[in-house]
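J.: As a plain string of letters, each chain reads:
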Amino acid sequence: MLPKVHRSDGGPLRRGGEEMSGNRKKEIIRIKPIQNGTVIDHLNQGTAYKILEVLDLKDYTVTAAMNVESRKMGKKDVIFIEGKELSEREMEKVALIGKGATLNIIKNGENKTKTKLEYPKMVHGTIKCINPKCISNVEKVSGKFDITENPLMAKCVYCETRMNEEDIVSGIK
Amino acid sequence: MNKKTQTDSEKFPKDVLSINDFSRAQIEFVIAEAAKMDKMPRDKKQKILKGKVIASLFFEPSTRTRLSFETAIQNLGGKVIGFADADVSSYKKGESLTDTIHTVENYADLIVMRHYIEGAARRAAEVSKKPVINAGDGANQHPTQTFLDLYTIKKECGKIDGISIAMAGDLKYGRTVHSLMYALAKFNNVQVYLISPASLKMPEYIIDDTKGKLKITETSKLDKYLDKVDVLYSTRIQKERFPDEVEYEKVRNSYIITPKVLGKGRKDLKLMHPLPRVNEITTKVDDMPQAIYFKQAANGVPVREALLKILAGVKK
Chain A
12 MLPKVHRSDG GPLRRGGEEM SGNRKKEIIR IKPIQNGTVI DHLNQGTAYK ILEVLDLKDY
72 TVTAAMNVES RKMGKKDVIF IEGKELSERE MEKVALIGKG ATLNIIKNGE NKTKTKLEYP
132 KMVHGTIKCI NPKCISNVEK VSGKFDITEN PLMAKCVYCE TRMNEEDIVS GIK
Chain B
16 MNKKTQTDSE KFPKDVLSIN DFSRAQIEFV IAEAAKMDKM PRDKKQKILK GKVIASLFFE
76 PSTRTRLSFE TAIQNLGGKV IGFADADVSS YKKGESLTDT IHTVENYADL IVMRHYIEGA
136 ARRAAEVSKK PVINAGDGAN QHPTQTFLDL YTIKKECGKI DGISIAMAGD LKYGRTVHSL
196 MYALAKFNNV QVYLISPASL KMPEYIIDDT KGKLKITETS KLDKYLDKVD VLYSTRIQKE
256 RFPDEVEYEK VRNSYIITPK VLGKGRKDLK LMHPLPRVNE ITTKVDDMPQ AIYFKQAANG
316 VPVREALLKI LAGVKK
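Protein sequences, first through last, are from chains A and B. If you're matching positions, the first sequence starts at 12 in our numbering and goes up one per residue. If you're matching positions, the second sequence starts at 16 in our numbering and goes up one per residue.
Next comes chain A alone, as it looks inside the complex (with noise of 0.2 Å):
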């Protein structure tokens, strides 16, 4: 299944398409439909911005939809990629930022594979570490962490740095 998208006024939209009122056509917000890509859903609000910045996604098209109605959420922010599945590492580093969200692989138009993204257990390569001092900073040496929640924290498996949400976030890589 695909994500159910809103209006902000609480009303359905048609994904691509238009919706009809009377003589009245409405203007809609357009998301194009995706036949192969990736649809993250359930995002926390404002994380949508954010995972923009993290992946590198400037040959794909991305419909980003925010602060879209949702029963469960009261708010959410839903991400639409087409024509690209998410690596590992880019499935890590949006798991640090949208726990919790639900991440849809679409093939041929339909929902093939979703998962409900979890903190990792352990990143490399993910973030950098916020200590200037560490290994991975002064040689060629990708950071690796530990990942633990509540609160979220990341642990650097070479200089012992913890870092809390806010440095995990700014030091995505």
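I should point out that these hints are in silico values taken from the structure, not numbers from a laboratory. Just so it is clear, CB atoms sit at the ideal spot from N, CA and C, and this is done for glycine as well. Treat each hint with caution, since some may be false.
Subject to a maximum C-alpha distance of 25 Å in a straight line, what follows is the list of computed DSS-like cross-link-like pairs (lysine-lysine) [claimed, not checked]:
1) B/K29 to B/K67
2) B/K94 to B/K54
3) B/K239 to B/K282
4) A/K139 to A/K184
5) A/K83 to A/K61
6) A/K151 to A/K95
7) B/K216 to A/K166
8) B/K60 to B/K94
9) B/K26 to A/K166
10) A/K95 to A/K118
11) B/K107 to A/K144
12) A/K132 to B/K29
13) A/K69 to A/K132
14) B/K144 to B/K174
15) B/K228 to A/K166
16) A/K151 to B/K331
17) B/K26 to A/K132
18) B/K174 to B/K226
19) A/K144 to B/K254
20) B/K216 to A/K144
21) A/K151 to B/K144
22) B/K243 to B/K226
23) B/K187 to A/K166
24) B/K29 to A/K166
25) A/K151 to B/K107
26) B/K144 to B/K94
27) A/K151 to B/K108
28) A/K144 to B/K187
29) A/K184 to A/K127
30) B/K265 to B/K187
31) B/K144 to B/K108
32) A/K110 to A/K123
33) A/K166 to B/K226
34) B/K108 to A/K144
35) B/K331 to B/K60
Anything over 10 Å on all C-beta distances counts as not near chain A; from chain B, calculated [what the hints assert, rightly or not]:
36) F27
37) D100
38) K107
39) L112
40) T113
Fit chain B to the known structure of chain A by using the hints.
T.: Relative to the frame of chain A, chain B by itself:
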């Protein structure tokens, strides 16, 4: 050696990088091995590393750590190669740590390394085919210091469980007291008094990590709880760890231990210090029975002998 310790020793880490990598049983195993080394006749010790070459790579200056490691290697009959200053190595020419380790691992059976870059030891261990002992990596870890501190407490107080210890001075930047907190948290019923000025308090995350396991009391008054403690662990207020000199000057004289201050503690109190000291313990204290910091430094030899012996038998 009891069965539990023996089993744990079999799973002993292949490198000594951080005290946080060790269980209580493994720490007790090292302490027991160090006690054996303390009593072992020299001719018997000489066989332990016979025919082995140990690399001693000191990218940063050190007196006690380097000399006690090199003494331990000699005592165990091993040969030492290496350098005491990065200026005489190819590191100065821009060689990466990884390349240095890949070179040295072909010459030596075990690598002892001090480096000013944090995390350098774990990186070295990651790429090395030979065991690595971290002899200090910047402000991060110095596990052999923590092992010798624990060995000293056990030797002088007869126990670690149930001790009462005050840590005084620079608790914010001092890596020895940070590691000691985590190590003591593996033992039972330990009371810790944290004595420091507000600007040098123990980091909150360390208190959070250990408060369920240690009884912690914080104060800024050096003599307030002295009559309650078995051990007073004094630390140097380290200039190099301060972001600016003004802050350093402001607090450097906060906690000077004199015979008068020590007189407020119990007669059997043990005064420890990781050394070097600057002015935080006056030299008049040196001859008092409470002063055990030179004995503590001497304990670095059997503790490092024990670690070298254990790791020399490890296959990576």
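J.: For every hint, state whether the structure bears it out.
T.: Hints, one by one, checked against the model:
1. Of the pairs offered as hints, the one joining B/K29 and B/K67 holds, with about 17 Å between alpha carbons and a cut-off of 25 Å not exceeded.
2. Between B/K94 and B/K54 the CA atoms are separated by roughly 22 Å; this keeps the pair inside 25 Å, and the hint holds.
3. Restraint check: the Cα-Cα separation between B/K239 and B/K282 comes to about 16 Å, which is no more than 25 Å; the hinted pair holds.
4. A C-alpha spacing of about 6 Å is found between A/K139 and A/K184, which places the hinted pair at or below 25 Å, so the restraint holds.
5. A C-alpha spacing of about 22 Å is found between A/K83 and A/K61, which places the hinted pair at or below 25 Å, so the restraint holds.
6. Taking the CA atoms of A/K151 and A/K95, the gap is near 29 Å; set against the 25 Å cutoff, the hint is violated.
7. Taking the CA atoms of B/K216 and A/K166, the gap is near 21 Å; set against the 25 Å cutoff, the hint holds.
8. Note on B/K60 and B/K94: the hinted pairing holds, with a Cα-Cα distance of about 14 Å set against a maximum of 25 Å.
9. Of the supplied pair hints, the one linking B/K26 and A/K166 holds, its CA atoms being roughly 24 Å apart against a limit of 25 Å.
10. Restraint check for A/K95 and A/K118: the C-alpha separation of about 10 Å stays at or below 25 Å, so the hint holds.
11. Simply put, B/K107 and A/K144 have alpha-carbon atoms about 17 Å apart, close enough for the 25 Å limit, and the pair holds.
12. With a C-alpha separation of about 23 Å, the suggested pair A/K132 and B/K29 falls inside the 25 Å cut-off, and the hint holds.
13. For the hint pairing A/K69 with A/K132, the CA-to-CA distance comes to about 29 Å; that exceeds 25 Å, so the pair is violated.
14. Note on B/K144 and B/K174: the hinted pairing is violated, with a Cα-Cα distance of about 37 Å set against a maximum of 25 Å.
15. Straight-line distance between C-alpha atoms of B/K228 and A/K166 comes to about 21 Å, which keeps the hinted pair within the 25 Å bound.
16. For the hint linking A/K151 to B/K331, the alpha-carbon distance of about 24 Å falls within 25 Å, and the restraint holds.
17. At most 25 Å may separate the alpha-carbon atoms for a hinted pair to count; B/K26 and A/K132 meet this at roughly 23 Å.
18. Of the supplied pair hints, the one linking B/K174 and B/K226 holds, its CA atoms being roughly 21 Å apart against a limit of 25 Å.
19. Between the alpha carbons of A/K144 and B/K254 the distance comes to roughly 17 Å, so the proposed pair stays at or under 25 Å and holds.
20. For the hint linking B/K216 to A/K144, the alpha-carbon distance of about 22 Å falls within 25 Å, and the restraint holds.
21. Taking the CA atoms of A/K151 and B/K144, the gap is about 19 Å. The hint holds against a cut of 25 Å.
22. Proposed proximity of B/K243 and B/K226 is supported: the alpha carbons are some 19 Å apart, at most 25 Å.
23. With a C-alpha separation of about 19 Å, the suggested pairing of B/K187 with A/K166 holds against the 25 Å cut-off.
24. The straight-line distance between the Cα atoms of B/K29 and A/K166 is roughly 21 Å, inside the 25 Å bound, and the hint therefore holds.
25. This hinted pair checks out: A/K151 and B/K107 have alpha carbons roughly 17 Å apart, not beyond 25 Å.
26. Between B/K144 and B/K94, the direct Cα distance comes to roughly 19 Å. Compliance with the 25 Å bound is thereby established for this hinted pair.
27. Of the pairs offered as hints, the one joining A/K151 and B/K108 holds, with about 16 Å between alpha carbons and a cut-off of 25 Å not exceeded.
28. With a C-alpha separation of about 17 Å, the suggested pairing of A/K144 with B/K187 holds against the 25 Å cut-off.
29. With a CA separation close to 22 Å, the supplied pair A/K184 and A/K127 stays within the 25 Å bound.
30. At roughly 15 Å between alpha-carbon atoms, B/K265 and B/K187 fall within 25 Å of each other, so this suggested pair holds.
31. For the proposed pair B/K144 and B/K108, the alpha carbon gap of about 24 Å is at most 25 Å, so the pair holds.
32. The straight-line distance between the Cα atoms of A/K110 and A/K123 is roughly 20 Å, inside the 25 Å bound, and the hint therefore holds.
33. Between the alpha carbons of A/K166 and B/K226 the distance comes to roughly 19 Å, so the proposed pair stays at or under 25 Å and holds.
34. A hinted pair counts as satisfied when its Cα atoms are at most 25 Å apart, and B/K108 with A/K144 qualifies at roughly 19 Å.
35. Annotation: proposed proximity of B/K331 to B/K60 holds, straight-line Cα distance about 24 Å (limit 25 Å).
36. Listed as outside the interface, B/F27 is consistent with that label: its C-beta sits roughly 20 Å from the nearest C-beta of chain A, beyond the 10 Å cut-off.
37. No Cβ of chain A approaches the Cβ of B/D100 within 10 Å, the least distance being about 19 Å, so the stated non-interface status holds.
38. With a closest Cβ-Cβ approach of about 15 Å to chain A, B/K107 is found to remain outside the 10 Å limit, as its non-interface label requires.
39. For B/L112, the non-interface assignment is contradicted: its Cβ lies about 6 Å from the closest Cβ of chain A, within the 10 Å cut-off.
40. A beta-carbon of chain A comes within 10 Å of the beta-carbon of B/T113; the shortest separation is about 7 Å.
When held up to the earlier numbered hints, the structure conflicts with 6, 13, 14, 39 and 40 and fits the remainder.
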